[in-house]
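Student: Residue-level listing of the chains:
There are 2 protein chains.
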Amino acid sequence: MFSFFNSSQSPKVVLTRNLGPDVMPFLERRQDIDLVVWGQDRTCDRKWLLENVQGARALIVILTDSVDQEVLDAAGPQLQVVSTMSVGYDHINVKELAKRNIKLGYTPDVLTDAVADTSIMLALMAGRNARESMTVVNEGKWPEYSWGPFLFAGRQLSASSSSPVRTAGFLGFGRIAQATLTRLIPFGFTHCLYTSSPSSTPTPERDAAIQEAHGLQALRRVDLDTLAAESDIVFVLAPGGAATANLVDEHFLRKMKKTSVLVNTSRGTLVDSHALAKALRERWIWGAGLDVVTGEPQITADHPLVKEPRCIILPHIGSATVETRIDMATLAVKNALAVISGTEMLASLELSS
Amino acid sequence: MFSFFNSSQSPKVVLTRNLGPDVMPFLERRQDIDLVVWGQDRTCDRKWLLENVQGARALIVILTDSVDQEVLDAAGPQLQVVSTMSVGYDHINVKELAKRNIKLGYTPDVLTDAVADTSIMLALMAGRNARESMTVVNEGKWPEYSWGPFLFAGRQLSASSSSPVRTAGFLGFGRIAQATLTRLIPFGFTHCLYTSSPSSTPTPERDAAIQEAHGLQALRRVDLDTLAAESDIVFVLAPGGAATANLVDEHFLRKMKKTSVLVNTSRGTLVDSHALAKALRERWIWGAGLDVVTGEPQITADHPLVKEPRCIILPHIGSATVETRIDMATLAVKNALAVISGTEMLASLELSS
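These protein sequences, in sequence, are chains A and B.
In this text, residue positions in the first sequence follow the working numbering: the first is 1, and each later residue adds one.
In this text, residue positions in the second sequence follow the working numbering: the first is 1, and each later residue adds one.
Looking at chain A on its own, in the form it has when it is part of the complex:
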C-alpha cells in the first residue's frame, strides 16, 4: 500500500519478532513511522538484523537477540533507543549503549504477578508429588493402585494441626518475592525469612510494615544457613550472575528440612543442579519445583534433574501468560515510541558507561 508518510522522513522502527494480533495493530496503524518487522515465527536471523537495522531510530528486540557492538555499528549513529521485551538485559551490551548515548527500555513489574503465580504453582506441585502422581495416570497405571491411608501422600502447603507454624523463606526479597508472600498468607503462613545481597542496606521499617499488613508472627532478614534450616519452602528469587552463582549448593541443601521444598523461578545459575539432584535422590529435602535450570534450554532427558521424579521442571514459563506477554510487548513498543517522539519511557534503565 502506498503511504505518503512512509517516506524516508519517517523514523524507522525495527522489530525482531511479530508480537501477535493484540499488539501489532497498535504499531501498524502508526503511519508516522517506517516499520520493519522480521516476518517469521522464530528468532530473527543475524544477517537480516544487521541489514535491516541500518538507519533505525528504534530497535525493539526479544531475549534471544544479541544487541552488541556489531549491531549498533550496523544501525548507525541515529539509533536512539533499544527496547527489549524482557526484564533481563544480559543480551544487550549496555556499556556500548551508554557510550553512544542510546537509551535502553525494558519491561519490569508487568511480569510480577505471572511469576508469583508460577512460584505458588511450583510450591504446590513439588510438595504434592504432582509429577509422580500425574505420571501414574498418564501412563495408564491408575488401575494398579488401590486406596491406602498414605498413598501418594505429599506435604501440605497449608498449615495443619500437626504443622501450625508455616515458614516461607525467600532468597532475594524483591517485588516478585513479596507478591509470592502475599499469596501464601491465606494458606496459613505465619513466618517469613529472607536473605538479601550482603551489601544492601537493612530495611527494618519496610519489613515491619509488611509483617503487620499480613499479620505475620515474624518477618526477619537472616543469613543463608538460617534460611535453609528454618524454611518450609525456599523460594529462589534473586538476580542471576556471578555474585549469586550456586548460592543453593550442597551445604545449603543439607541444612534444609527433610520435609521442605525448593522453588526456583529466577535464574538457573543460583542452584547447583548436581547438588540438587543428589539432595532429591537421597531425600535430604522433599521436592523441588524449577522454572529455570542452568544451561537451559539444552536440558535433555538424561539430565540428572529430569531423572528425579520429585523434581518438577517447567521450560521457563514463569511469565508466559497471554495477559502478561501482551503487557510486556505493549510496554516494549511504547518505550520505543516514547523515545522517538521525545517523551519519557514508561520503564527505562539508567545507563552509565
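In case anyone wonders, no lab produced these hints; they're calculated from the structure.
Predicted model only: the values in this text are computed from it and were never measured.
Pairs involving identical chains hold if they fit within one copy or between any two copies, as the list cannot separate such chains.
Listed below are the simulated EDC-like cross-link pairs for lysine to aspartate or glutamate, each with C-alpha atoms no more than 16 Å apart in a straight line:
| id | residue 1 | residue 2 |
| --- | --- | --- |
| 1 | Lys141 | Glu296 |
| 2 | Lys99 | Glu350 |
| 3 | Lys95 | Glu350 |
| 4 | Lys257 | Glu230 |
| 5 | Lys255 | Asp223 |
| 6 | Lys141 | Asp302 |
| 7 | Lys334 | Asp109 |
| 8 | Lys334 | Asp22 |
| 9 | Lys334 | Glu344 |
| 10 | Lys278 | Asp302 |
Fit chain B to the supplied structure of chain A, relying on the hints for placement.
Tutor: Quick look at chain B alone, frame taken from chain A:
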C-alpha cells in the same frame, strides 16, 4: 507379650489397615483394649474381616472396606461403632447401622485445607498448560524450543491490566469451596458466583459477610448457566450421587468462556467425561484440572480425558498429605475409642433408620 489387660474383658477394636508410625503407637499403648489389625499394606481381605470382626465393640475402616449387613452380622450384637477414616461413607450401609443402633464416626473438616490446596494447584496447572510444558522437558524436547513472545503462554490466574475482573465460580459452596475462595483473594479475584442445591435455603446474610470479609465487588448465588458463562474458573465442589450426576455436561461446557478453566476436586460423577474431552479437543474452554474422574481408578491411557494434553488428571490425591492423613487417621481412632469409653465422638453422623 503377655498382657493382663488383653483378656476377654477388654473391648475388642478391629482395624482394617495399619495407620502408620504416627498414629499406631497411640492405639498400641492402650492396654485397656484388645486391638486386632490387618497386617498387610493393602485392602484387608473380606474373609479376614468376617472372621476377625466377631465380638468387636469397635470397627475402624477405610474407604475401600465395604461395611454391609454381612459384616455387621459377623460382628455380632455387641458392636457399638463403625468409624471410617474418610469424609464419604458410601461404603457403609448406614440404614443397617441405624437399625442396630450402631454409631457411625467419620472425618469431615480435617481435609478442607488439603483439598482447597489441591483446587488452587489444579486451577494454576490447567491455566498454565503445566502438563504440556512439563512433558516437553521430561521427554528431553526443551532444546527444540527457542523463546518466543507467546511460547507456552497460558492463562493467568491473577488479575492483570487486560483482565482486571476475575470471577471465581463454585458449583457447590460448602467449606472447601469457601476455603478455596479465601486462597484466591490475593490473586486479585473480584467476583464470586456459586450454585447450591435448588432445595437449599438462600443465605444472604452469610453471603454478605463473606463478600465483605474478602472485599469482593460481588458474591452471588446464580443458576448453572450464569455460573458457566461468567466464571473465569469453575470449581466443582458439590456432593456426588444421582442428584448431581453430569451437572457439567455439554450444555454447561458450551456456555463457558474459551479462556476459562474447569477444576473438579469433589466427585467424578458431576462431570460428563466425554463432553469434557470434546470441549478440550475443540477448545470450547482453555483447560481442565481433575482430581477425580467417573469410573476411577479404572482410567487407562486410552481414556478420552487422558488423551487430552490440556487435561491435568491427578489420581484422587485431594486430601493426600501426610499432615491431613495423620489427622484423619487420628480422628477415626478417637471416634472409635470415644464410643467405647462412653464419651461423645468428635465427628459423628446422625443416623435415621
